[in-house]
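Required output: the full structure, derived from the provided sequences and hints.
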Amino acid sequence: MKAADIIQRREIEWAKLEGMCEAISQRKSRQNAQLVNEFAALYRNACADLALASANQFPPGTVDYLHSLVAKAHNQLYRSRAFQLTEILMMVFHDTPRRIFSDPCVHVAGLIFWGLFGISAWLSYEGSVWPNFASGVMGDEALQQMETTFEDFEGRTFSENMFMAAFYVFNNAGIGLRVFVSMLPILPGLILLGSNAVQLGAAFGHMLSPDSGIAGDNFKNFVTAHGPFELTAIVLSAGAGLRIGISWLATNNLRRLDSLQVNAKKSMPIALCAVAFFFIAAFIEGFISPAPETMIPWFVKAAIAVLSSGLMMFYFVILGYPWRRR
Amino acid sequence: MVERKIPMVTKLKADADGGPVFSPVDNYLTVSTPENIAFFYQVAGPFQRAISFLLDFTFSQAAYWIIFLVIVLVLGFVLGPFGLFAGVLGSFVMFLGLIGAFFVYWFYGAFMETFYNGRTWGKMICRQRVLNADGSAINGSQALLRNFFRLVDTGPIFLLPLDFGTGDQVFIPIPTAIFGLAVMCLNRDFRRIGDLVAGTIVVKEELKRSGKVVRFTDARVPLLADLLPSSFVVDKEMALALASYVERRPFLGPSRLDEIARRLSPLLIEKMNLAPDTNPDLLLCSLYYKTFHSDSTGQENISPRRSSSPRIPIDMPIANSDLLPLNQRN
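Protein chains in written order, with the numbering used here: chain A, -9 to 316; chain B, 1402 to 1731.
Hints should not be assumed to be uniformly reliable.
Okay, derived cross-link-like pairs now, DMTMM-like style, lysine to aspartate or glutamate, Cα gap no bigger than 25 Å in a straight line [as the list claims (entries may be wrong)]:
| id | chain 1 | residue 1 | chain 2 | residue 2 |
| --- | --- | --- | --- | --- |
| 1 | A | Lys(-8) | B | Glu1638 |
| 2 | B | Lys1605 | B | Glu1648 |
| 3 | A | Lys210 | A | Glu141 |
| 4 | A | Lys255 | B | Asp1535 |
| 5 | B | Lys1605 | B | Asp1627 |
| 6 | B | Lys1605 | A | Glu12 |
| 7 | B | Lys1672 | B | Glu1638 |
| 8 | A | Lys6 | B | Glu1660 |
| 9 | A | Lys210 | A | Glu131 |
| 10 | A | Lys(-8) | B | Glu1660 |
| 11 | A | Lys(-8) | B | Asp1636 |
| 12 | A | Lys256 | B | Asp1535 |
| 13 | B | Lys1637 | A | Asp(-5) |
| 14 | A | Lys6 | B | Glu1436 |
| 15 | B | Lys1605 | A | Glu1 |
| 16 | A | Lys255 | B | Asp1590 |
| 17 | A | Lys256 | A | Asp201 |
| 18 | A | Lys210 | A | Glu116 |
| 19 | A | Lys(-8) | B | Glu1648 |
| 20 | B | Lys1637 | A | Glu1 |
| 21 | B | Lys1605 | A | Glu3 |
| 22 | B | Lys1637 | B | Asp1659 |
| 23 | A | Lys(-8) | B | Asp1627 |
| 24 | B | Lys1605 | B | Asp1619 |
Partial list, computed: chain A residues near chain B (C-beta under 8 Å) [as the list claims (entries may be wrong)]:
| id | residue |
| --- | --- |
| 25 | Gly51 |
| 26 | Leu59 |
| 27 | Leu167 |
Chain B is nowhere near these chain A residues, computed Cβ spacing over 12 Å in every case [said to hold, decoys possible]:
| id | residue |
| --- | --- |
| 28 | Ala38 |
| 29 | Val98 |
| 30 | Val119 |
| 31 | Gln134 |
| 32 | Gly145 |
FYI, nobody ran anything at the bench for these hints, they're computed from the structure. This one's a predicted model, so the numbers in the text were calculated from it and none came from an experiment. Glycine included, every Cβ here is placed at the ideal spot set by N, Cα and C.
Here's what the structure looks like:
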């Protein structure tokens, strides 16, 4: 049998398969079983045709056409999978905390952030060691502005709170993801992380030092509740990014690209965990933090901080410790 | 399984022979499936992808603003008269707007690629699809990664200083996408940084349109085909050469056809013992006919249907001089 015969005999099925590709890709709900069966059968036939066509003397045009037809059908049959619920639960409560617990990159990022934060806070608190450290870091103008903001701070209305919560999500989670992504070439990410740590530290040290007066009190009142979640989230996103950045330098016996992909896959949940923490922090920062002393006393906010730190410790340490399975 | 292979069509000399392999200018991804066959995709290049990205950006922004405005209008009209809109509700709308902006900016692409099988709106229009580098479908985590790392690809950011007459310079960030372009040019599958991190690849998913065996309206073709000795076997490579020649005939002028055909025809004429003045073009067409067409005739019963599947290529008249070989005249 010659090519022309075979093509003529088969092209009706090809056209049908082509039509079904469109139909199947457009329907979003579950496909009916008969349709899928028929589609799979047509697809297998087309595969056989392609094998035949490329093995025998078929015109290149036909082979080309069959390649594209099979490719198109293949993508309809083997589809992208969304996240499964059990997988998500396993990921959230088992894999991610363990990874965070045992990932040296997260520890290093934590050390860098908290170390720089602590040093910077101490330097600007203890004016004697490095005079005017805070104004050197943040600039006189910004420092002045921060002080006046917190001096006049008298709480917000509920509407303002809502708006600001969304703004914190947009801004802070955005910064977190930026840190994560810019860790790929390592240096930009480290600079971003370090500058955030130093600036935040300087702000904390300056505002909490005794000569800040009423502004310092308001500042303390404002940052206590959401601080733990927000600062931890920065560390997590930086740690996740650092793992990706390190992975293409220290490849651990893999090819460079493979190492990059393997580690990126591993650190993705950590970055998402950071985003979740940013969300929680943003809502605390939006609704609880700005409440004045008379409405929510400071010890309540401190309790929230302690509670959230405890929750995170539970997540990182209790869930994260590599317990042996019985 | 993925292997780098030059598609059959452009493979002028089989690998097995150890002969020279001419790699095509376009890049292909060859995929072996569970059905035990291999097919190939054409990889989408940087500028095709730039178009789909711009479309994506436009569409996602348009969708975002339309939904936002609809919510504002509906809430305004329904609840406005009760005086509810101004305070808490108004800021609730702003709240939704900002959270929405966050999700559209960071998660639009990942969402679409996860739930629409590797395609965003822009890719649907441009007929592109994101695949795993081995040709299988991507998963959600890959979609997230490749979209997060777009930030690196669009860099470095150029700050365009603008002065709106207020005396203050405003810096407008312009993403230059130089990093992404450079990385795409440095690997052979046009993968940007996000693709490399996530292990994905973007392919063109188009149905090729020509696919049928060329039919000849010229009555001399089957006549000459009958005269060709049946002992002459056309091997695979020659079949490819013949098919490439005949499929390109409509795009070439008569003298060019003659020039090309004359490379092969003397050898064939000698081998098949034909008349030396046989029209080279006609000879190749006849050989094609003999190779690909059956002996039975009259198969023009192709039903018209709305489909892009094989259409019949245009036939091209064969030059009129020296119509038939000498032994067929008179």
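Here is how each hint holds up against the structure:
| no. | hint | verdict |
| --- | --- | --- |
| 1 | Lys(-8)(A) <-> Glu1638(B) | holds, 17 Å |
| 2 | Lys1605(B) <-> Glu1648(B) | holds, 23 Å |
| 3 | Lys210(A) <-> Glu141(A) | holds, 12 Å |
| 4 | Lys255(A) <-> Asp1535(B) | holds, 16 Å |
| 5 | Lys1605(B) <-> Asp1627(B) | violated, 42 Å |
| 6 | Lys1605(B) <-> Glu12(A) | holds, 16 Å |
| 7 | Lys1672(B) <-> Glu1638(B) | holds, 17 Å |
| 8 | Lys6(A) <-> Glu1660(B) | violated, 41 Å |
| 9 | Lys210(A) <-> Glu131(A) | holds, 21 Å |
| 10 | Lys(-8)(A) <-> Glu1660(B) | violated, 29 Å |
| 11 | Lys(-8)(A) <-> Asp1636(B) | holds, 14 Å |
| 12 | Lys256(A) <-> Asp1535(B) | holds, 19 Å |
| 13 | Lys1637(B) <-> Asp(-5)(A) | holds, 18 Å |
| 14 | Lys6(A) <-> Glu1436(B) | holds, 19 Å |
| 15 | Lys1605(B) <-> Glu1(A) | holds, 23 Å |
| 16 | Lys255(A) <-> Asp1590(B) | holds, 21 Å |
| 17 | Lys256(A) <-> Asp201(A) | violated, 47 Å |
| 18 | Lys210(A) <-> Glu116(A) | holds, 17 Å |
| 19 | Lys(-8)(A) <-> Glu1648(B) | holds, 17 Å |
| 20 | Lys1637(B) <-> Glu1(A) | holds, 23 Å |
| 21 | Lys1605(B) <-> Glu3(A) | holds, 23 Å |
| 22 | Lys1637(B) <-> Asp1659(B) | holds, 23 Å |
| 23 | Lys(-8)(A) <-> Asp1627(B) | holds, 15 Å |
| 24 | Lys1605(B) <-> Asp1619(B) | violated, 37 Å |
| 25 | Gly51 | holds, 4 Å |
| 26 | Leu59 | holds, 6 Å |
| 27 | Leu167 | holds, 6 Å |
| 28 | Ala38 | violated, 8 Å |
| 29 | Val98 | holds, 20 Å |
| 30 | Val119 | holds, 36 Å |
| 31 | Gln134 | holds, 19 Å |
| 32 | Gly145 | holds, 15 Å |
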